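A.B. asks: Please work from the sequences and hints to get the whole structure.
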Amino acid sequence: MQPYRRHRGRAVPLDRSDVDTDQIIPAEHLRRIERTGFGPFLFAAWRKDPSFVLNDPGFEGATILLTGPNFGCGSSREHAVWALEDAGFRTVIAPSFADIFRNNCTKVGLLPVELPAETVRALMAAVEAEPGTELTVDLEAKTVTGAGILATFGIDGFTRWRLLEGLDDIGLSLRHEREIEAYERARPARLPTVG
Amino acid sequence: MDGRAPVWHDARTMPERPRTLAEKVWERHVVHRADGEPDLLYVDLHLVHEVTSPQAFDGLRLHGRRVRRPDLTVATMDHNVPTAPGPEDPISVRQMEALRRNCEAFGITLFPTGHIGQGIVHVIGPQMGLTQPGLVIVCGDSHTSTHGAFGALAFGIGTSEVEHVLATQTLPQQRPGTMAITVEGDLPPGVTAKDVILGIISRIGTGGGVGHLVEYRGSAIRSLSMEGRMTVCNMSIEAGARAGMVAPDDTTFAYLEGRPHAPTGKDWEAALDDWRSLPTDPGAAFDREVTIDASELRPYVSWGTNPGQTVTIDGVVPEPVDAAAERALAYMALEPGTPIRDIHPDTVFIGSCTNGRIEDLREAAAVLRGRKVHRGMRAMVVPGSMLVKRLAEEEGLDRVFREAGFEWRDAGCSMCLGMNPDQLSPGERSVSTSNRNFEGRQGAGGRTHLASPAVAAATAVAGHFATPEDL
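Quick note, the sequences are listed as chains A and B, same order.
When the letters of the first sequence are read in order and numbered with our numbering, they come out as residues 1 to 195.
When the letters of the second sequence are read in order and numbered with our numbering, they come out as residues 1 to 471.
Source of the hints: derived by calculation from the structure; they are not laboratory data.
In this text, all values refer to a predicted model and were calculated from it rather than measured experimentally.
Honestly, I wouldn't trust all of these hints.
[Stated by the list, open to error] So the derived list for chain A, only partly shown, Cβ under 8 Å to chain B, looks like this:
id, residue
1, Ser17
2, Glu28
3, Glu78
4, Ile100
5, Val108
6, Phe158
7, Asp169
8, Glu179
9, Arg190
[To be verified] Away from chain B, derived, C-beta distances all over 10 Å, residues of chain A:
id, residue
10, Leu54
11, Phe59
12, Glu60
13, Thr63
14, Ala122
15, Met124
16, Ala125
17, Ala147
18, Glu165
Quick reminder that beta carbons are idealized off the backbone N, C-alpha and C, glycines included.
C.D. replies: Here it is as structure tokens:
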């Protein structure tokens, strides 16, 4: 996973609530067995509408997505995060996120930033008024700055450390392999096995 | 590391403080705990399917890792399998072949298409008796919450986490809050488990359970069969909940006894002792509590593009309250004030991990017996597993469906999600027993109305939304 420390980039406002993962990447595009190449299908159905904000040349090259509450609800497909990442996004800023989507983001290195709804609205308004506006997301300082706004966000310390260092979760858990073995020895033999 | 030796906690010997079901199951799975870190939880059962696993297996190969516990891992093909004969889509075939290769290479039991054990991952776990009270169960699918009906802690994970579980049989997890949703009283006649969960989501909203492990409680929940409880827990994720659970009781034990992977003999007795200690202790505190009067519930039909946008079948399409509702109405091509019964779907889908079990098929067949699908409607039944299909055929349900004019398909996720040949065309409108009415969920431009198997069957006959009593 590529470390995330500080990112400066253009933001695009997607002013919708409850954006589900079927919109982020429709199921018909989940049949690839590779981890890459999902970017062209990001918001595939909505992109067919020429007035969709991601089709606006003013927001071309955006790397920060500003959006509404409960972003990423629905299915567990990590492909939604891969599609955002593949399309160049490094950060999603929203008033709230669905749990599995948020988890998936932090495994891949796409930073989910939760800010109060009024702050997100203010950021959206600023970016809409002046497309091309750049924001800076600083994970070390836990701040979002730009367009005359300074906002601080919360994130649990462990996840922040992992993202800052770009650490592989599996490697971290395997440091506890002895404990895993001890746990397995203590599990009752009557628990079901598949074989 | 805090030096604490990991132990498998017997709930009967846990400290005296009253605990919830979710806390008891969580505590017994903590492999490693340290301040400022998520708990490392042991996973008892990992379910794998073709869509969210290929990249995880590639990750294992890349790092030279093995699957730690193939004996606690089981795979099937469900999401993109065709449910009727016809030309196979080469991209889907490639994904299914990848799963076959991966299971072979890593020693994982696979129930592929053509095998009697094949079916939707959340249908086959319970039917084999692998889903048991007190387990931690994960799968790269958000409807893993289904297994919570047995008092298991079951939740959906992404592909990176699938790789993590394959490699370590554990998962680092921040502990969510606990939430009680109590449905008290008798369900009115004609109100099914599907209506219970649609009624819950319409009250608490699609984000109402975010960050929480929900326990469904109360006499109305206890009165449900295991199939009904699975339907309720299945849609926990549609309220945003991390998981949904029901305390194990005699209904649970009766369902499990004699299933292929259920314990037997002395093990069965030991398991029963343990399972009976799992329900929430009197006086245990939940972080949030919601109580619903069962007598207020009715058959529900969704009108919008998320599962919270739902009204009773006696209701009308509501006036939009916000931009999201306006957008939903435009997508669904509905006018506010239209009675739900005046809406005419053209497609009927009965199936999915929400309502594809034998009891769901019985519920629909009871309505369809001796009746015909309304002229011009396309109707299909897709059993949740090949075993459900066989059981239904032994009961003669397939004849009821066929004679009514339904297509009788092989098992799979089918029209619940538009990634196999079973799809809506743009503008088509369905009544569907599945779980999501998102834009394009059943095919680009398709319009989905969620409902129970009974309402779906009655609607198939009437040609417009209807309950069995309307016929």
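A.B. asks: Work down the list of hints and note, for each, if the structure agrees.
C.D. replies: Structure-based check of all given hints:
Hint on Ser17/A holds. Least Cβ distance to chain B is approximately 5 Å, under the 8 Å limit. Annotation: Glu28/A was flagged as interfacial toward chain B, and the flag holds, the nearest CB pair being 5 Å apart, inside 8 Å. Because the closest C-beta pair between Glu78/A and chain B is about 4 Å apart, less than 8 Å, the hint holds. Interface hint at Ile100/A: satisfied, since its Cβ lies 6 Å from the closest Cβ of chain B, which is below the 8 Å cut-off.
The restraint placing Val108/A at the interface with chain B holds, with a minimum CB-CB distance near 7 Å, inside the 8 Å limit. Taking 8 Å as the C-beta contact cut-off toward chain B, the hint placing Phe158/A at the interface holds, the least distance being around 5 Å. This hint holds: Asp169/A has a C-beta 6 Å from the nearest C-beta of chain B, less than the 8 Å allowed. Because the smallest distance between the Cβ of Glu179/A and any Cβ of chain B comes to about 5 Å, under 8 Å, the interface hint for this residue holds.
For Arg190/A, the interface hint holds, since its Cβ comes within 8 Å of a Cβ in chain B; the closest pair sits about 4 Å apart. No Cβ of chain B comes within 10 Å of the Cβ of Leu54/A; the nearest lies about 16 Å off, and the non-interface call holds. Annotated as non-interface, Phe59/A keeps its C-beta farther than 10 Å from every C-beta of chain B; the closest such distance is 20 Å. For Glu60/A, the non-interface assignment is confirmed: its Cβ lies about 24 Å from the closest Cβ of chain B, beyond the 10 Å cut-off.
The Cβ of Thr63/A sits about 21 Å from the closest Cβ of chain B, beyond the 10 Å cut-off, so the non-interface label holds. Every beta carbon of chain B lies more than 10 Å from that of Ala122/A, the smallest distance being close to 18 Å; the non-interface claim holds. The Cβ of Met124/A lies farther than 10 Å from every Cβ of chain B, with a closest approach of about 13 Å, so its non-interface assignment holds. Listed as outside the interface, Ala125/A is consistent with that label: its C-beta sits roughly 15 Å from the nearest C-beta of chain B, beyond the 10 Å cut-off.
Against chain B, the non-interface label of Ala147/A holds: every CB pair exceeds 10 Å, the least being about 23 Å. No beta-carbon of chain B comes within 10 Å of the beta-carbon of Glu165/A; the shortest separation is about 14 Å.
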